[in-house]
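Going line by line, the protein sequences match chains A and B. Note that numbering that gives the first Met the number 0 gives residue 62 to position 63 of the first sequence, counting from 1, and the numbers run on in steps of one. Note that numbering that gives the first Met the number 0 gives residue 163 to position 164 of the second sequence, counting from 1, and the numbers run on in steps of one.
Quick caveat, the hints were computed from the structure, so don't treat them as lab data. Fair warning: this is a prediction, and the values are worked out from it, not measured in the lab. Any given hint might turn out to be false.
As the list claims (entries may be wrong) - Computed list of lysine-lysine pairs in DSSO-like fashion (alpha-carbon distance at most 30 Å, straight line):
#1 Lys103(B) to Lys44(B)
#2 Lys103(B) to Lys144(A)
#3 Lys44(B) to Lys199(B)
#4 Lys214(A) to Lys131(B)
#5 Lys212(B) to Lys237(B)
#6 Lys131(B) to Lys144(A)
#7 Lys115(B) to Lys237(B)
#8 Lys144(A) to Lys117(B)
#9 Lys44(B) to Lys67(B)
#10 Lys44(B) to Lys200(B)
#11 Lys20(A) to Lys185(A)
#12 Lys44(B) to Lys4(B)
Unchecked claim - So, partial list: chain B residues that the calculated Cβ filter (under 10 Å) puts toward chain A:
#13 Leu71
#14 Asn72
#15 Glu86
#16 Phe88
#17 His90
#18 Lys103
#19 Val104
#20 Ala129
#21 Gly149
Unchecked claim - Which chain B residues stay away from chain A? Per the calculated CB distances, all over 10 Å, these:
#22 Asp11
#23 Gln53
#24 Asp60
#25 Thr69
#26 Gly79
#27 Asn84
#28 Asp109
#29 Ala111
#30 Glu113
#31 Ser164
#32 Glu210
#33 Asp221
#34 Asp229
Beta carbons are placed, not taken as given, at the ideal position from N, Cα and C, and that holds for glycine.
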Amino acid sequence: MGDFDFAIIYNNIPFLFEGMKTTLLLTVAAVIGGIVIGTVLAIIRIANVPILAWIAAAYVNFFRSLPLILVIFWLYFLVPLVLGRPVGAFSSVLIAFVLFEAAYYSEIIRAGIASVSSGQVAAARAIGMTYTQCMRFIVLPQAFKAMIPVLLTQAIILFQDTSLVYVVGLKDFLVSAELIANRDQKLIEMFMFVAVVYFTICFAGSLLSSHLQRKLST
Amino acid sequence: MIHLKNVSKWYDSFQVLDNCSTSVSKGEVVVVCGPSGSGKSTLIKAVNGLEPVQKGEITVDGMVVSDKKTNLNHLRARIGMVFQNFELFPHMSVLENVKLGQIKVLGRADDASEVKAKALLDRVGLADHANKFPSQLSGGQQQRVAIARGLAMDPIAMLFDEPTSALDPEMINDVLDVMVELAHDGMTMMVVTHEMGFAKKVADRVVFMDEGKIVEDAKKDDFFGSPRSDRAQLFLSKILSH
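So that you can see chain A by itself, here it is in the shape it has in the complex (with noise of 0.2 Å):
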């Protein structure tokens, strides 16, 4: 460990920072699109509306028989075709994530939402709420409660997978330091380091999300 060399890591560090922020950016970007996303189409499935429902089921179910990685390559290509121009790296992979993220917390969202019980609904309809009301004041707000260590966990393995950006040439955190390691030669100080960033915010993401659920379960 003699040769280990830190200041490859110090001096780098604002490139590195930049890597980040897009990692993050897109982390946080593609939660609160695929939560809202999510939220509409657990909805729709619920409250079964014709033919709606029967899409965002199959909508769901295709995003989640597909691996990421090839829906961050199609959107890449499909994207500009469909909007006619280039739209850049960054906003396809948004794309991607909103629209691959929305499938699985909406499953999460549904799940939720089934978790509130039927009587909540039947007292909201008995002092006369209408429908939306009784989602809006009585039933999401307690779903999400119930939902946070699980949308908190599902933010965490989106974190880790923006790292598939790579395929596309998205300069996140991990290629950041590859460049680096590459340009300089330092495979080990780098890699060493990126898992260390990695671990560290993921798993101090998993502690706070098991430190929720004991709480919200109390």
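Take the given structure of chain A and dock chain B to it, following the hints.
Frame of chain A; chain B shown alone:
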């Protein structure tokens, strides 16, 4: 005020309500009793359309519950309902529970709703608990909040679905006291319960159900004095013998 005419309901091929007819007049207190599985909970939930029925007609204050043109939300806002398991909203304080319907459904102003909610909580003896969450209250206290939540909508009638069945014995009387007081104030009430003491004290009529049918629908004194059906006699002998 509440009329049920030849009401029938099936779950798939299983008939839960079989040609049920009865009514509750304004200011009347009607107790519905019978063995478990007799359909009494289904019957009371049919009154505000929480359980749709396939046959027969239910009218409340002249509005037909099963008519597609009837605005059920409107109708439900005018009928209070109390459930066996209280069903307070656990993510809101007691005060918010009693305010929510007033604000979101009746469109009442926040301050007016608060005044009303506090007055009702005071009436059910829980003014000091307004800012607690439901999980911090005992079952009996939660059920009294649920009654206040129903009353906050200024209902024309109150439905009670086994309001004391989930309670510890020492809590039951607190809830029954509130209900007796309501009855004395002239509230129109339909109450599914096994509490025959309550029925004897305030009921005008008793409806006895068995296997989805209304077997007996009699004035209180007639029901307790000399029930006509064997089934009702057997039921009474079982629950009154202790």
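These are the hints, each one checked on the structure:
{"no.": "1", "hint": "Lys103(B) to Lys44(B)", "result": "22 Å, holds"}
{"no.": "2", "hint": "Lys103(B) to Lys144(A)", "result": "22 Å, holds"}
{"no.": "3", "hint": "Lys44(B) to Lys199(B)", "result": "24 Å, holds"}
{"no.": "4", "hint": "Lys214(A) to Lys131(B)", "result": "19 Å, holds"}
{"no.": "5", "hint": "Lys212(B) to Lys237(B)", "result": "20 Å, holds"}
{"no.": "6", "hint": "Lys131(B) to Lys144(A)", "result": "19 Å, holds"}
{"no.": "7", "hint": "Lys115(B) to Lys237(B)", "result": "43 Å, violated"}
{"no.": "8", "hint": "Lys144(A) to Lys117(B)", "result": "28 Å, holds"}
{"no.": "9", "hint": "Lys44(B) to Lys67(B)", "result": "17 Å, holds"}
{"no.": "10", "hint": "Lys44(B) to Lys200(B)", "result": "24 Å, holds"}
{"no.": "11", "hint": "Lys20(A) to Lys185(A)", "result": "22 Å, holds"}
{"no.": "12", "hint": "Lys44(B) to Lys4(B)", "result": "15 Å, holds"}
{"no.": "13", "hint": "Leu71", "result": "8 Å, holds"}
{"no.": "14", "hint": "Asn72", "result": "5 Å, holds"}
{"no.": "15", "hint": "Glu86", "result": "4 Å, holds"}
{"no.": "16", "hint": "Phe88", "result": "6 Å, holds"}
{"no.": "17", "hint": "His90", "result": "5 Å, holds"}
{"no.": "18", "hint": "Lys103", "result": "6 Å, holds"}
{"no.": "19", "hint": "Val104", "result": "4 Å, holds"}
{"no.": "20", "hint": "Ala129", "result": "18 Å, violated"}
{"no.": "21", "hint": "Gly149", "result": "7 Å, holds"}
{"no.": "22", "hint": "Asp11", "result": "18 Å, holds"}
{"no.": "23", "hint": "Gln53", "result": "19 Å, holds"}
{"no.": "24", "hint": "Asp60", "result": "14 Å, holds"}
{"no.": "25", "hint": "Thr69", "result": "13 Å, holds"}
{"no.": "26", "hint": "Gly79", "result": "8 Å, violated"}
{"no.": "27", "hint": "Asn84", "result": "6 Å, violated"}
{"no.": "28", "hint": "Asp109", "result": "15 Å, holds"}
{"no.": "29", "hint": "Ala111", "result": "17 Å, holds"}
{"no.": "30", "hint": "Glu113", "result": "17 Å, holds"}
{"no.": "31", "hint": "Ser164", "result": "13 Å, holds"}
{"no.": "32", "hint": "Glu210", "result": "24 Å, holds"}
{"no.": "33", "hint": "Asp221", "result": "32 Å, holds"}
{"no.": "34", "hint": "Asp229", "result": "35 Å, holds"}
Violated hints, listed in ascending order, are 7, 20, 26 and 27; each of the other numbered hints is respected by the structure.
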